[in-house]
Amino acid sequence: AQTVTQSQPEMSVQEAETVTLSCTYDTSENNYYLFWYKQPPSRQMILVIRQEAYKQQNATENRFSVNFQKAAKSFSLKISDSQLGDTAMYFCAFMNSGANSKLTFGKGITLSVRP
Amino acid sequence: DTAVSQTPKYLVTQMGNDKSIKCEQNLGHDTMYWYKQDSKKFLKIMFSYNNKELIINETVPNRFSPKSPDKAHLNLHINSLELGDSAVYFCASSQTWDSLQAFFGQGTRLTVV
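Chain order of the listed sequences is A and B. One point on numbering: in the numbering used here, the residue at position 40 of the first sequence is 66, and numbering is uninterrupted. One point on numbering: in the numbering used here, the residue at position 70 of the second sequence is 128, and numbering is uninterrupted.
Isolated chain B (complex conformation) (with noise of 0.2 angstroms):
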């Protein structure tokens, strides 16, 4: 029933490892984002995608790599992770990309140690 879901929802994991985050929403949207959420609450947008296409790519690290099978999932690679990637990571939809509502994950919360 979840409209937009991540897995997992807590990662720990040590520095240099590479991990995936994976989302999935079920509410035939054609857009779909990555934000990160710091450690003091701040949220900026990572990425969006469009029926597949990127649209969006925030100034991000080439470490994170987002991939998008199919418009329904969009995933989060992130390469040789550091302390600071230590953040959650909110996946969100919209039906399009200028829709004024955006619907949201429960978010991800990646620590590095």
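This is chain A alone, in the form it adopts within the complex (with noise of 0.2 angstroms):
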């Protein structure tokens, strides 16, 4: 069975800074997917990035990137130039390939940006 954990349970930072929110995850599959949750306090999940395991190249959209490290397992989510609507959970979530393929996710952390 697939496991994510994000060790961090909250975490700060001052507006216009920048952060980074890790998670680790545990598989013996080598095709898989890899995914970053924002949870606002309206409740809406939204996709902020995903990351294809076969890929080497680090994801990247916007402000948000990711460096994935395979062989350690890792996938941590780069925010930079952190703005107030950043405020929110954060979830990393590990999706397998092929049938029956779901999504299990991390405990979450809570990002709060200061202005």
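It is possible that some hints are incorrect.
Sample of chain B residues at the chain A side, in silico, Cβ under 7 angstroms [what the hints assert, rightly or not]:
1) K99
2) F100
3) A130
4) F162
With a straight-line Cα cutoff of 27 angstroms, these simulated DSS-like cross-link-like pairs (lysine-lysine) come out [claimed, not checked]:
5) B:K102 to B:K129
6) B:K77 to B:K98
7) B:K102 to A:K128
8) A:K99 to B:K99
9) B:K67 to B:K98
10) B:K102 to A:K99
11) B:K98 to A:K133
12) B:K110 to A:K81
13) B:K67 to A:K99
14) B:K80 to A:K81
15) A:K99 to B:K110
16) B:K94 to A:K128
17) A:K128 to B:K98
18) B:K99 to A:K133
19) B:K94 to A:K133
20) A:K133 to B:K67
21) A:K133 to A:K81
22) B:K80 to B:K102
23) A:K99 to B:K77
24) B:K98 to A:K99
25) A:K133 to B:K129
26) A:K104 to B:K102
27) A:K128 to B:K77
28) B:K99 to A:K104
29) B:K98 to B:K129
30) B:K98 to A:K104
31) B:K110 to A:K128
32) B:K80 to B:K125
33) A:K133 to B:K102
34) B:K102 to A:K96
35) B:K77 to B:K110
Beta-carbon label-pair distances, calculated as ranges [to be verified]:
36) A:G124 to B:T60: 23 to 33 angstroms
37) B:E116 to A:S123: 40 to 50 angstroms
38) A:R140 to B:P127: 45 to 55 angstroms
39) A:R140 to B:E111: 11 to 21 angstroms
Everything labelled a hint here was simulated from the structure, so no lab data went into it. Everything numeric in this text was worked out from a predicted model, so none of it was measured. The beta-carbon is built from N, C-alpha and C at its ideal position, and this holds for glycine as well.
From the two separate chains plus the hints, produce the assembled complex.
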């Protein structure tokens, strides 16, 4: 079974600064996908970024980028130029490939952006 | 316009009651899911349906019964509600069972008193 670990329960960052959220996972599979989801106070789950395990290049979406270390099973999210609207819970998630694929989530981290 | 919509958004009910949460997606997706987010914000999959067929059932108590009348709808019926069922329930959909993007509804906060 796959597990996703987010060991930091909460973090705080000053507006316009950069913050990195950590995530590690455990799997015996070679082909899989990793995601970061954002859950603001509105409760909506929003996909921030995703990474295919077979791709060596780290995914980037505007101010959001990941550091994917497949051998270390690490998948951290870097948020550059933090904005007040980035305040939310962030969930790291793993999805196996193939039949019965499903998202397995970490416990989440609460990020607060200070003005 | 909402891609994945759930009703109701809030539900307060007494122990022992039976309740349903409805979910509809207008994206033409084949696969739909139910996730449960507990009081500690931990999200876990409950069920997955692909073209109205159950493909994932994650050891959820029998009191929870999903129903998919067509591939655009996946409703969740809960019998004999217990205090521990209090949670936020999210419906989601994806193009196929192996799609890389799942679209989530806004969640239904269920409170059992």
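Against the structure, the hints come out as follows:
| no. | hint | result |
| --- | --- | --- |
| 1 | K99 | 5 angstroms, holds |
| 2 | F100 | 6 angstroms, holds |
| 3 | A130 | 20 angstroms, violated |
| 4 | F162 | 4 angstroms, holds |
| 5 | B:K102 to B:K129 | 22 angstroms, holds |
| 6 | B:K77 to B:K98 | 23 angstroms, holds |
| 7 | B:K102 to A:K128 | 10 angstroms, holds |
| 8 | A:K99 to B:K99 | 23 angstroms, holds |
| 9 | B:K67 to B:K98 | 19 angstroms, holds |
| 10 | B:K102 to A:K99 | 21 angstroms, holds |
| 11 | B:K98 to A:K133 | 8 angstroms, holds |
| 12 | B:K110 to A:K81 | 33 angstroms, violated |
| 13 | B:K67 to A:K99 | 37 angstroms, violated |
| 14 | B:K80 to A:K81 | 38 angstroms, violated |
| 15 | A:K99 to B:K110 | 35 angstroms, violated |
| 16 | B:K94 to A:K128 | 13 angstroms, holds |
| 17 | A:K128 to B:K98 | 21 angstroms, holds |
| 18 | B:K99 to A:K133 | 7 angstroms, holds |
| 19 | B:K94 to A:K133 | 13 angstroms, holds |
| 20 | A:K133 to B:K67 | 23 angstroms, holds |
| 21 | A:K133 to A:K81 | 25 angstroms, holds |
| 22 | B:K80 to B:K102 | 19 angstroms, holds |
| 23 | A:K99 to B:K77 | 41 angstroms, violated |
| 24 | B:K98 to A:K99 | 25 angstroms, holds |
| 25 | A:K133 to B:K129 | 30 angstroms, violated |
| 26 | A:K104 to B:K102 | 25 angstroms, holds |
| 27 | A:K128 to B:K77 | 26 angstroms, holds |
| 28 | B:K99 to A:K104 | 22 angstroms, holds |
| 29 | B:K98 to B:K129 | 31 angstroms, violated |
| 30 | B:K98 to A:K104 | 24 angstroms, holds |
| 31 | B:K110 to A:K128 | 17 angstroms, holds |
| 32 | B:K80 to B:K125 | 9 angstroms, holds |
| 33 | A:K133 to B:K102 | 10 angstroms, holds |
| 34 | B:K102 to A:K96 | 24 angstroms, holds |
| 35 | B:K77 to B:K110 | 21 angstroms, holds |
| 36 | A:G124 to B:T60: 23 to 33 angstroms | 31 angstroms, holds |
| 37 | B:E116 to A:S123: 40 to 50 angstroms | 18 angstroms, violated |
| 38 | A:R140 to B:P127: 45 to 55 angstroms | 48 angstroms, holds |
| 39 | A:R140 to B:E111: 11 to 21 angstroms | 48 angstroms, violated |
Violated hints, in rising order: 3, 12, 13, 14, 15, 23, 25, 29, 37, 39; the structure is consistent with all others.
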